[in-house]
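Note that the protein sequences, when read in sequence, are chains Y and R.
Quick note on my numbering: the first sequence kicks off at 205 and runs consecutively.
Quick note on my numbering: the second sequence kicks off at 21 and runs consecutively.
Calculated directly from the structure, the hints in this document are not laboratory data.
Please read all numbers here as calculations on a predicted model, not as lab measurements.
There could be a bad hint or two in this list.
Said to hold, decoys possible - Mimicking SDA-like on lysine to any residue, the simulated pairs with C-alpha atoms at most 25 Å apart in a straight line are:
1) Y/K412 to R/K57
2) Y/K398 to R/P76
3) R/K79 to Y/K238
4) Y/K238 to R/E53
5) Y/K238 to R/K43
6) R/K57 to Y/Y410
7) Y/K398 to R/K79
8) Y/K238 to R/T277
9) Y/K238 to R/N250
10) Y/K238 to R/F147
11) R/K187 to R/F147
12) Y/K238 to R/D345
13) R/K187 to Y/F415
14) Y/K216 to R/D339
15) R/K79 to Y/A258
16) R/K187 to R/N250
17) R/K349 to Y/T274
18) Y/K412 to R/E53
19) Y/K260 to R/S341
20) R/K303 to R/D178
21) R/K43 to Y/P289
22) Y/K260 to R/W163
23) Y/K412 to R/Q56
Here is how the chains run, residue by residue.
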Amino acid sequence: MFFLLIETSHSKGSISLFEDSVCLEETFLEGDFKHAELLAVGVQGLLNRHELDAEKISAVGISDGPGSYTGLRIGASWAKGFCLPTSTPLIACSETKALMAATQNHQNVLCIIDARRMEVFGEWMDENGNSNGTQAWILDETLVTEWQKKNPNLAGDGVDKLMENFPFPWKDSLIRYADSRHLFHEFIQKWESKQFENIFSYEPNYVKPVFLAPSKK
Amino acid sequence: MSTILGIESSCDDTSAAVWKDGKIVSNVVVSQEIHQKWGGVIPEAASRNHLQNIAPVVKEAMDQAGCEWTDLSAIAFTKGPGLMGPLLVGGQFAKGLAQSLNIPLVGVNHMKAHILAHLIEDPKPDFPFLCLTVSGGHTQLVWVRSSVEMDVLGETLDDAAGEAFDKMAKLIGLPYPGGPHLQKLAENGNPKSFSFTIPQTPGLQFSFSGLKTQVMVFLQKQGPGFLSENAADFAASIQFTIVEILMRKLKKAMVETQAKRIALAGGVSANGPLRLAFQELAKHQHCEAYIPAFQYCTDNAGMIACAGFELWKSGIFEDLSSSSDPRLKF
Chain Y
205 MFFLLIETSH SKGSISLFED SVCLEETFLE GDFKHAELLA VGVQGLLNRH ELDAEKISAV
265 GISDGPGSYT GLRIGASWAK GFCLPTSTPL IACSETKALM AATQNHQNVL CIIDARRMEV
325 FGEWMDENGN SNGTQAWILD ETLVTEWQKK NPNLAGDGVD KLMENFPFPW KDSLIRYADS
385 RHLFHEFIQK WESKQFENIF SYEPNYVKPV FLAPSKK
Chain R
21 MSTILGIESS CDDTSAAVWK DGKIVSNVVV SQEIHQKWGG VIPEAASRNH LQNIAPVVKE
81 AMDQAGCEWT DLSAIAFTKG PGLMGPLLVG GQFAKGLAQS LNIPLVGVNH MKAHILAHLI
141 EDPKPDFPFL CLTVSGGHTQ LVWVRSSVEM DVLGETLDDA AGEAFDKMAK LIGLPYPGGP
201 HLQKLAENGN PKSFSFTIPQ TPGLQFSFSG LKTQVMVFLQ KQGPGFLSEN AADFAASIQF
261 TIVEILMRKL KKAMVETQAK RIALAGGVSA NGPLRLAFQE LAKHQHCEAY IPAFQYCTDN
321 AGMIACAGFE LWKSGIFEDL SSSSDPRLKF
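Based on the provided sequences and hints, a complete structural model is requested.
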């Protein structure tokens with residue numbers, strides 16, 4: 205079986221083609237945030253090089269976020285279009301889980317994704333491997349002091365902002381971004397347990413709703 | 021024999037349509053009403069809604085058309101102009117679909133599609149014709165030589181006519197989108213009650229921002245009870261001025277081009293007094309007048325599928341590497 209995995213949640217986009225559990229090829233979307241131009245071309249290149257057509261793909265995996273809203277929508281929109289005619293299963297994979305897979309560590313890991321200003325989106329997997337899921341955090345003294353007490357392994361592109369604003373001997377994994385192949389860890393679990401997304405209603409994990417005050421004009 | 025699926029997502033309407041053997045056989049539009057409470061389209065909210073709506077809308081259009089996926093000859097989508105986030109959703113979905121089905125992709129200019137909506141149903145204008153396109157985002161006079169050869173003769177220097185309707189409706193306190201509300205309010209008003217200046221823009225260019233400022237300043241000088249007593253007359257006067265601006269430029273373009281056929285396109289062409297003035301002008305100038313059915317005037321995928329067919333038969337396809345373009349040139 206062939207699987208297509210797509211990572212578009214951050215500036216370093218990538219696509220992987222797996223045959224069962226073997227990554228046949230991973231290709232990167234060169235140039236920051238060029239996903240809209242490069243995603244379809246990248247997929248076509250992969251399919252052509254491995255002499256596959258769309259019907260040979262058993263499932264498509266995408267990054268579910270958190271991450272760039274536009275990037276997530278590019279991946280999700282393309283995947284919905286690709287999967288719809290052939291009823292190909294769509295599997296959404298958590299970006300923080302992918303980061304954990306990249307660090308090869310699933311205990312006491314804090315994955316934080318830059319969400320502008322002093323905000324980060326992230327997930328903390330504690331010493332026992334338990335998590336409260338993805339959350340939106342504001343980096344302030346109270347929160348960071350709590351984190352310092354536990355001194356977790358850090359991953360994600362929010363780490364630089366944390367270390368710059370709150371100097372501390374942090375345990376930095378040096379992993380800033382997950383690649384598409386890092387989605388496979390969660391992807392294959394969901395594939396085996398048939399946890400597929402509904403193409404007609406799926407939306408990424410934006411973490412936060414659109415919130416605006418009603419117009420007063 | 022050809023079957024084209026059209027996808028439109030340039031603003032706040034998610035739409036899909038199927039063009040089959042020379043006619044539109046389905047045209048599904050889902051409008052996002054969530055923007056009403058904010059008084060305008062919020063791009064992030066619109067983008068999220070497009071992603072939620074797009075697969076069900078496309079499937080519904082295919083089902084209504086009685087089409088199988090394998091019947092499709094090409095996928096046409098709105099490449100631009102419009103809002104970047106919404107355009108990306110439609111564009112990427114179209115690419116995925118075209119790749120999955122291994123069929124050509126056709127990128128359509130939204131403004132040209134408004135004009136080509138005249139080719140959907142009879143009576144259709146012969147080429148060449150002069151088209152006045154009036155929508156929430158654009159106001160253009162276009163000389164249409166063929167389905168793929170068009171020249172912009174004039175356009176707005178600032179706000180679009182539809183935008184002017186909406187903004188001035190907002191000044192009167194009407195809900196979004198204000199254009200239809202303003203027309204309804206104006207039904208019982210006297211269009212000659214208040215006089216506003218017609219802008220002296222060069223050539224065939226339009227301008228509406230001065231009128232908006234004039235209306236705003238006028239209102240600021242009035243007493244608190246002014247609108248409760250004069251709302252209908254005031255709305256009728258504003259509407260009369262906007263229509264007058266449009267008709268004066270259209271008439272000038274008709275003289276310059278010696279057009280025998282004129283066409284009205286875009287969402288604002290649903291405005292009753294504008295349609296009436298357009299038809300009277302055509303009659304006075306001994307021209308044929310064309311206005312598409314209402315469902316093909318507002319943003320809809322029927323016009324995208326129709327325009328897509330014209331490009332497809334001319335062999336004009338979109339590369340997979342192309343991207344949506346919010347400022348796509350005409």
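Given the hint that Y/K238 pairs with R/D345, test it: the Cα-Cα distance must not exceed 25 Å. holds, 13 Å
Between Y/K412 and R/K57, does the CA-CA distance stay at or below 25 Å?
holds, 19 Å
Taking 25 Å as the top limit, are the C-alpha atoms of Y/K398 and R/P76 close enough? holds, 22 Å
Could you grab the alpha-carbon distance between Y/K238 and R/T277 and see if it respects the 25 Å cut-off?
violated, 43 Å
- Is the hinted pair Y/K398 and R/K79 satisfied, with a Cα-Cα distance of at most 25 Å? Answer holds: Y/K398 to R/K79 is near 23 Å, not above 25 Å.
Q. Is the hinted pair R/K57 and Y/Y410 satisfied, with a Cα-Cα distance of at most 25 Å?
A. holds, 22 Å
Tell me if the straight-line CA distance from Y/K238 to R/F147 falls inside 25 Å.
With Cα atoms ~40 Å apart, Y/K238 and R/F147 exceed 25 Å; violated.
>> Given the hinted pair R/K303 and R/D178, is their Cα-Cα distance within 25 Å?
In response: violated, 30 Å
(Q) Hint check: R/K187 vs R/F147, CA-CA at most 25 Å. Holds or violated? (A) This hinted pair is violated, its Cα atoms lying about 35 Å apart.
Q | Agreement of R/K79 and Y/K238 with the hint, judged by alpha carbon distance not exceeding 25 Å | A | Violated. R/K79 to Y/K238 sits at ~29 Å, over the 25 Å cutoff.
Regarding the pair Y/K260 and R/W163, is the alpha-carbon distance no greater than 25 Å?
The hint is violated at about 48 Å.
Check the hint pairing R/K79 with Y/A258 against an upper bound of 25 Å on the C-alpha distance. Within the cut-off at roughly 19 Å; holds.
Hints 3, 4, 5, 8, 9, 10, 11, 20, 22 from the list above are not met by this structure, while the remaining hints are.
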